[in-house]
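Enquirer: Each protein sequence line maps, in turn, to chains A and B. Mapping of the first sequence onto our numbering: residues 1 to 406, in sequence order. Mapping of the second sequence onto our numbering: residues 1001 to 1406, in sequence order.
For the record, the hints were derived by calculation from the structure and aren't laboratory data. Since this is a predicted model, take the numbers as computed values, not measurements. The beta-carbon is built from N, C-alpha and C at its ideal position, and this holds for glycine as well. Incorrect hints may have been included.
[What the hints assert, rightly or not] Rough simulated footprint, nothing fancy, chain B against chain A, three-plus residues with beta-carbon under 8 Å: (1) 56-69; (2) 81-87; (3) 219-231; (4) 274-288; (5) 291-297; (6) 344-356; (7) 366-379.
[As the list claims (entries may be wrong)] Just the calculated beta-carbon pair ranges, DEER-fashion: (8) B:Asp-1053 with A:Glu-347: 31 to 37 Å; (9) B:Thr-1162 with A:Asp-53: 51 to 57 Å; (10) B:Asp-1053 with A:Ser-29: 19 to 25 Å; (11) B:Pro-1261 with A:Pro-133: 26 to 32 Å; (12) A:Gly-98 with B:Arg-1031: 43 to 49 Å; (13) A:Ala-78 with B:Arg-1161: 34 to 40 Å; (14) A:Asp-210 with B:Lys-1257: 33 to 39 Å; (15) B:Asp-1267 with A:Asp-376: 23 to 29 Å; (16) A:Ala-78 with B:Ala-1309: 54 to 60 Å; (17) A:Ser-21 with B:Gly-1076: 54 to 60 Å; (18) A:His-165 with B:Arg-1031: 55 to 61 Å; (19) A:Asp-53 with B:Leu-1010: 42 to 48 Å.
[What the hints assert, rightly or not] Covered stretches of chain B, going by a simulated chain A footprint (3 or more residues, C-beta under 8 Å): (20) 1106-1119; (21) 1260-1272.
There are 2 protein chains.
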Amino acid sequence: MLHGGSLPHLTPEETLAPILSALESVLGSARPVALHQPHFAGREWDYVKDCLDTGWVSSVGAYVTRLETALQDYTGVAHALAVVNGTAALHVCCLLAGVIAGDEVLLPTLTFVATANAVSYCGATPHLVDVSPVTLGVDAIRLAAYLEDIAELRGDTCYNRTTGHPLRALIVMHTFGHPAELDALAELCRRYRIVLIEDAAEALGSFYRDQHVGQWGLLSAVSFNGNKIVTTGGGGAVLTNDAALAQRARHLTTTAKQPHPWAFVHDQVAYNYRLPNLNAALGCAQLEQLPDFVSRKRALAQRYQHAFAAVAAGHIVNEPQDTRSNYWLNVLQLHPAYGHLRDALLETCQARGILVRPAWELMHRLPMYRDCPRMDMSTAEHLERHLVCLPSSVDTGSVDTGSEHA
Amino acid sequence: MLHGGSLPHLTPEETLAPILSALESVLGSARPVALHQPHFAGREWDYVKDCLDTGWVSSVGAYVTRLETALQDYTGVAHALAVVNGTAALHVCCLLAGVIAGDEVLLPTLTFVATANAVSYCGATPHLVDVSPVTLGVDAIRLAAYLEDIAELRGDTCYNRTTGHPLRALIVMHTFGHPAELDALAELCRRYRIVLIEDAAEALGSFYRDQHVGQWGLLSAVSFNGNKIVTTGGGGAVLTNDAALAQRARHLTTTAKQPHPWAFVHDQVAYNYRLPNLNAALGCAQLEQLPDFVSRKRALAQRYQHAFAAVAAGHIVNEPQDTRSNYWLNVLQLHPAYGHLRDALLETCQARGILVRPAWELMHRLPMYRDCPRMDMSTAEHLERHLVCLPSSVDTGSVDTGSEHA
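Assemble the whole structure, with the sequences as input and the hints as a guide.
Expert: As structure tokens, then:
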């Protein structure tokens, strides 16, 4: 797919033409085409209407329980707890992992800002690590070498030798739906007594060695934001195989109110993080369609792969070995020689109503995380300059996919 | 209403009988009767279905803006910002009031735990104050005397003389919908350079001196939880007349993402607190009915007043002078001689399907706030033993109000 040697002398327009042509062959003619829009083709209205008809719209209701059961069944993780969004899920994961003020939490610099913010909410400091050029998630081999340098076990706690702070947890993020190297990362966490958390916000429907993601972390977070593979408007969930942690998650997300027919006794500082039943109803209908959505998104990924097979300027990032990705977002990785054209491509596509976007600004470049401890970030920095996320809705490329969604 | 002198010797059953009889005369025969359940009689279906039909269910959408405009129009407060729940609204109010770690924030001990938790989220300490026997909210005269004792101005900052910590803000809560003494409390805050925040979670539709609550605080919070006068499933809003604060609230609740067609640049640690469009759609339909809901709840309050006029064991708490309450929850205050029967009353009512409840456990009795600085709490302690909240839905006492709602 990538040709070696020197490039022919082309204008930017000429260079971008094959990319645009490949994109257009997948996307059809309807414009604008969203980066990712919801797809409601199941029982969404039935369930939502049922909430309105019965008056059960708030944080206690049958659809919340039903959504949690459906998540458990689909992912195979023993306990699921529905919360108000993916950020809240990550916050709860951090709290239950024991992250406290003064701790450091390892997480990839290539992620959405919520991963780092959840650590900040606990008063802890993100400790930023680089990613693998293959998985786009935390690089297990480089992290192992880095920990060798900076980490030191004292009793059952791992410390950053330089700062003297505990390295309490590692949050791995399954970037664009592609699972990170979970076996190797879990092994590394066991060795260093670091709690593993999976940020699976983008990865509902993604499998690693035939098991759904969320099985490796002590706790994991998923998201049902409007741009995710299934949506509840806003929503998310905490997943865990640990019954006691699941119980604590429930308590912590419901203002730590002790069960009682009328008394309002709360036994710790806690949160109002439970998902309303109205949103859960939408989620139940969406989850019923998840296997179909995953198939359709994998088929779209194949169409992208096929369309870009002959394009010299870049390639579509493929699912890593031993994984089965939900291909939440398809990503074009520009050939190194074409990196300087990334913004021209973004601008041209946007102008044509193809709502592509780059990867996130790297965490170590954001003002509030600029001074966080970190390793060398050369891979993430390279990737960030070369990645372009492509329209990846369930119905992208179907007839009549035009939409007003941005 | 209250008779003086010694009480006749009655059994608990005999003593409670007139209360139950008065309650039953208001509630009609359908059971169970909820403490507060939503009432959907407007365009809820239309608006929610419109979200599903257009695919706009998430945190960007026309209903969010429309809900905010409707709130501004109804309350007269210049800026409203819809968020994921009332707790999030309070948190944002505290953050924008400049509450930081090490600060103390004055708030009533008689409140729902979210008021205190919002302060904790900022790393600050609740400083608990007593309430007025008339408004059930912060007692302005006693607070003035207390501040005289403990507060000291240094430059433009008020300090707790004992702890040495800044007294950054006062959160007043409009208990059960009855406005606190806003003029006197605002004056006190000006004198001591303390930021005034209104916790109006329960008070949408309540007026103080002909202006809607939320006009006195620099920032105010309202709630659209399932048990509130209008509901979005879960939701809330920040109100402020300060355009710059409104702008900062918007930024802080949307992950502090800088406006850009594609780049993900965030410039501070921030939150994912925006209300989804799906919930906002429900809220728009509900707000259209708010004037009617307030009328019906005020009419219910009159029916309670009338029914309890001849009951010696207690009286219905009336709206304070100079206010027009939404009567979110009607509250029976037991005569001091009957306080020991509160739990028997709660149990008897619950057993009969009348889902009454007491006031909240006082903040200074909860384990996490037990050691917070505080004043003498004799009024709140007395009230807490004597208050019983009564069923107060919009349709309570109408024909066929029975419901499965708890």
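Enquirer: Each hint needs a verdict: does it hold in this structure or not?
Expert: Now the hints, each set against the structure:
1. Only residues whose beta carbon comes within less than 8 Å of a beta carbon in chain B count, and the region 56-69 of chain A has 5; three or more means the coverage holds.
2. Given as covered by chain B, the region 81-87 of chain A passes the check, having 4 residues with a CB less than 8 Å from a CB of that chain where 3 are the minimum.
3. Only residues whose beta carbon comes within less than 8 Å of a beta carbon in chain B count, and the region 219-231 of chain A has 4; three or more means the coverage holds.
4. Counting residues of the region 274-288 of chain A whose beta carbon lies closer than 8 Å to any beta carbon of chain B gives 7, which reaches the threshold of three, so the coverage claim holds.
5. Counting residues of the region 291-297 of chain A whose C-beta sits closer than 8 Å to any C-beta of chain B gives 0, which falls short of three, so the coverage hint is violated.
6. Residues of the region 344-356 of chain A with a Cβ under 8 Å from some Cβ of chain B number 3, which satisfies the need for three, so the listed coverage holds.
7. Beta-carbon proximity to chain B at under 8 Å applies to 3 residues in the region 366-379 of chain A; the threshold of 3 is reached and the given coverage holds.
8. Hint check: Asp-1053 (chain B) to Glu-347 (chain A), Cβ distance near 32 Å, so the stated range 31 to 37 Å holds.
9. In this structure the hint that Thr-1162 (chain B) and Asp-53 (chain A) lie 51 to 57 Å apart at CB holds, the actual value being about 56 Å.
10. In this structure the supplied range 19 to 25 Å holds for Asp-1053 (chain B) paired with Ser-29 (chain A), their Cβ-Cβ distance being about 23 Å.
11. Evaluation of the 26 to 32 Å hint for Pro-1261 (chain B) and Pro-133 (chain A) yields a pass: the beta carbon distance comes to about 27 Å.
12. Checked against the hint of 43 to 49 Å, the C-beta distance between Gly-98 (chain A) and Arg-1031 (chain B) comes to roughly 46 Å, which is consistent with it.
13. Range check, Ala-78 (chain A) to Arg-1161 (chain B): about 53 Å between beta-carbon atoms, so the 34 to 40 Å window is missed.
14. In this structure, Asp-210 (chain A) and Lys-1257 (chain B) meet the distance hint of 33 to 39 Å, their C-beta atoms being roughly 37 Å apart.
15. For Asp-1267 (chain B) and Asp-376 (chain A), the Cβ-Cβ distance of about 25 Å falls inside the hinted range of 23 to 29 Å, so the restraint holds.
16. Taken as a hint, the range 54 to 60 Å holds for the pair Ala-78 (chain A) and Ala-1309 (chain B), whose Cβ atoms sit roughly 57 Å apart.
17. In this structure the hint that Ser-21 (chain A) and Gly-1076 (chain B) lie 54 to 60 Å apart at CB holds, the actual value being about 56 Å.
18. For His-165 (chain A) and Arg-1031 (chain B), the hinted distance range of 55 to 61 Å is satisfied, since their beta carbons lie about 58 Å from each other.
19. As the Cβ distance of Asp-53 (chain A) to Leu-1010 (chain B) is approximately 45 Å, the hint placing it in 42 to 48 Å holds.
20. For the region 1106-1119 of chain B, the stated coverage by chain A is satisfied: 4 residues place a CB nearer than 8 Å to a CB of that chain, which reaches the threshold of 3.
21. For the region 1260-1272 of chain B, the assignment as covered by chain A holds, since 12 residues bring a beta-carbon within under 8 Å of that chain's beta-carbons and 3 suffice.
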